[in-house]
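Could you put the whole structure together from the sequences, leaning on the hints where they help?
Start counting at 1 in the sequence shown, then tack on 2, and there's your number in this note's numbering.
Keep in mind that the hints were calculated from the coordinates and are not lab data.
Check the hints yourself; a few may be wrong.
As the list claims (entries may be wrong) - When the alpha-carbon atoms are kept at most 30 Å apart in a straight line, the in silico DSSO-like pairs for lysine-lysine are as follows:
no.: 1; residue 1: Lys189; residue 2: Lys259
no.: 2; residue 1: Lys258; residue 2: Lys221
no.: 3; residue 1: Lys461; residue 2: Lys334
no.: 4; residue 1: Lys258; residue 2: Lys161
no.: 5; residue 1: Lys168; residue 2: Lys189
no.: 6; residue 1: Lys258; residue 2: Lys168
no.: 7; residue 1: Lys334; residue 2: Lys258
no.: 8; residue 1: Lys221; residue 2: Lys259
no.: 9; residue 1: Lys168; residue 2: Lys221
no.: 10; residue 1: Lys189; residue 2: Lys161
no.: 11; residue 1: Lys334; residue 2: Lys259
no.: 12; residue 1: Lys168; residue 2: Lys259
no.: 13; residue 1: Lys319; residue 2: Lys258
no.: 14; residue 1: Lys161; residue 2: Lys221
no.: 15; residue 1: Lys168; residue 2: Lys319
no.: 16; residue 1: Lys221; residue 2: Lys189
no.: 17; residue 1: Lys259; residue 2: Lys161
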Amino acid sequence: MMLSVDQLPEDVLHDLFDWLSVIDQPTLFIANRAPLVETSLGWITASHVCRRWRSSILSMPLLWAAIAGGVSASQATCETFIERAGRAPLHFWTWHLQHFGRIESHPDYSVSPLRRMVAQLTPRYRDRLERLALYIASGRRMSVDGGISDQRDLAIVEKCSFPQLKDLYLESDDHHIRVTAAFEAPKLENLYMNQIFLAFRAPILRFLRIDSRQVVSFKTLRDGIASSPLLEELELGLYNVYDLVDDASLPPNSHKKIRLPRLAVLHYHGTCQPFRLLREAIDVPTTALLSMDLSETTQAEVIFLFTYTRDFISHPKNDSLRLSFTDDNNTKTFHVQIYQSTAAAQHATADGMRSRSGVYVYLRDSGIWPRGDEIRSLMTALLAAAELGNIRYLDFDRISDACFETEEIAMFQRVLRPLTDVTSVSVGRESDLHFAHRLLCPDAPASPLFPHLRSLVLKPPRDTIPQLASSSLRVLSGVDGPRQHMETK
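Have a look at this one:
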């Protein structure tokens, strides 16, 4: 029998409001908003429909706790939401999600009033917070030496304890924060510090992401990681670190490697030296997915780093080599990736971003493709660290508009020739087959580049199959060796 909405049982009505709170969230709103900025109360509007609905929604404290802070810049409104949340753990969270496109926001809208309100409320409700997104303003004021940082916002976190906190997002515009006293968060599982680094103690932390342009104390970072032995995902963006050589001041056990037995993902972007130190400080399981995004780093430093990642590169499960050229906004990049064929080439991280699996490095230049000698040096060093017999699958993922001279094709052939156990070659994704044809079918007769080649994989078919009418069709008939079939993906 069909029931009308007003006849639904109370438990079904609660389920309905739970779903409504997910799909129709309130937009960020402030009291004196710009006239062009439209706001919506979202699921809160349902509490105005009738007395029964209002009574039902008011009896659901978790709904109100989820918007207790970070949605409204009005203190009275926030206090009302907190009162309706009863004793439920509070979320001061929503304002920062517009950075990642997860909530709607108007271009003219400023989240500054929301950030200030969260900073104002946090000290009062610190013990009840389950999710906190906090902006630490620099508050810099002039002094004789040119300016000092006002520490009032920093005091909201520094040396404080957050007994119920599970998710913490920190952001700042102050690049002059140095060593801080650690905050304690015994239940913290996810920590993201955006353009800031603070000392922390989080014994059950699972996900840690730090993107910091400020000068970071490596000792403080190491101590924080050491306090989190259950880490599963570690993403670090470091560009400048200090206290690197003063080992005499360190405790005796500081030289022991930090064991992170559950670590599944290590993604690093930044300069070379912090990664080298990080690799020396942490015992990373060889089963972890490792990706490096290095900047301000010479090619010699990149190649040297392969000595620190040899155990990852040569891992028996890493049986696939992917080469690709991309051109995004006139930034031309050559990518090399060694990964496990039975795993996805990319994976989602805890914060919803995408990261490449296995070991990934690249060369990037503006306006021109990386030089052939740079590509050769990078690939030669990478393959020297690999177990060549492991590599069974070769993937030319995106060879878009990169033009190769005969000598460059010959260079690729020389570098790839040691991969004698390759059984499958994939090509596609915005690529014509001309590159594969010139690589696999040289003009001068020679022994097969891959003597055990069995299959040529075209991906996706709608992009590659129409091109088979061109001269690239020769790829299918001209490859020497016992190739047995063609596949499409």
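Going down the list of hints, with the structure as the test:
1. Lys189 / Lys259: 24 Å, holds
2. Lys258 / Lys221: 13 Å, holds
3. Lys461 / Lys334: 22 Å, holds
4. Lys258 / Lys161: Between Lys258 and Lys161 the Cα gap is close to 26 Å, so the pair holds against 30 Å.
5. Lys168 / Lys189: 6 Å, holds
6. Lys258 / Lys168: 29 Å, holds
7. Lys334 / Lys258: With a Cα-Cα distance of about 41 Å, the restraint between Lys334 and Lys258 is violated, given a limit of 30 Å.
8. Lys221 / Lys259: 13 Å, holds
9. Lys168 / Lys221: Holds, at about 25 Å.
10. Lys189 / Lys161: Holds - the C-alpha atoms of Lys161 and Lys189 are around 16 Å apart, at most 30 Å.
11. Lys334 / Lys259: This hinted pair is violated, its Cα atoms lying about 38 Å apart.
12. Lys168 / Lys259: Satisfied, since the Cα-Cα distance of roughly 27 Å is no more than 30 Å.
13. Lys319 / Lys258: 28 Å, holds
14. Lys161 / Lys221: 17 Å, holds
15. Lys168 / Lys319: Roughly 34 Å separates the two Cα atoms, so the pair is violated.
16. Lys221 / Lys189: 23 Å, holds
17. Lys259 / Lys161: 26 Å, holds
Going through the hint list in order, the structure does not satisfy hints 7, 11, 15.
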